[in-house]
Structure formats: C-alpha cells, structure tokens
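A.B. asks: Model the full structure from these sequences, guided by the hints.
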Amino acid sequence: ERSGFLFSADSWGKLICWQEAKPVWTVEQAHDGWIRGLAVSADGKQLATCGMDRTIRIWSASDGKKLHELTGHAADVLSVAFHPDGQSVVSGDMLG
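Heads up, the sequence shown is in this note's numbering, so the first residue is 23 and it goes up one at a time.
Hints were generated in silico from the structure; no laboratory data involved.
One should not assume that every hint holds.
[To be verified] In silico EDC-like cross-links for lysine to aspartate or glutamate, where the CA-CA straight-line distance does not exceed 16 angstroms:
1. Lys36 <-> Asp65
2. Lys44 <-> Asp85
3. Lys88 <-> Glu42
4. Lys36 <-> Asp85
These numbers come from a predicted model, not from an experiment.
C.D. replies: This is the structure we're talking about:
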C-alpha cells in the first residue's frame, strides 16, 4: 500500500512513484510512448496505466513491478479506472 505517495506518468512512457519530492521507484518504459491515463486502486496496492500503445498495464504500487498486461483495443487507450468491485478495470479508447 502506498499511502501519501504521488504517482506520475509522462509522454515518453515513464512511470514514477514519488515521496517528498524524491523518486521511490521508476519504470523507464512503462508504455511505448505517451501514458494517457493512470488510476490507483481503492486499496492503494495497484496502479493501472494506459497509453498510445493500445495497452493497459497493472502495476504493484509498492515496487513498480508489472503484474498484468491487457491488450485488445483497436485504438489508443485514453482512460482507465478501477471498478468499485476491486476485481476489474474499465477503459476507453479513441474509438469510444
């Protein structure tokens, strides 16, 4: 669980976990290109990211390790969120 931490993503595909203005961990190539969306699970244990590479990835918030990769979108994925059930993610792409 990462309470009090900040997570950021950039247009180069980098994912960073911050604490007190210092990086705790970094994933240099979390996505191939622009990360368009980032969501934190309700329990704070996982992150979901999506990007211009048409993928959704689930990460461990504690260390940045990739847990899952979801493919299937036919266009760039622009948004991602954790479902309230804690078991699913929802996403949206450029095609709607």
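A.B. asks: Which hint numbers doesn't this structure obey?
C.D. replies: 1, 3
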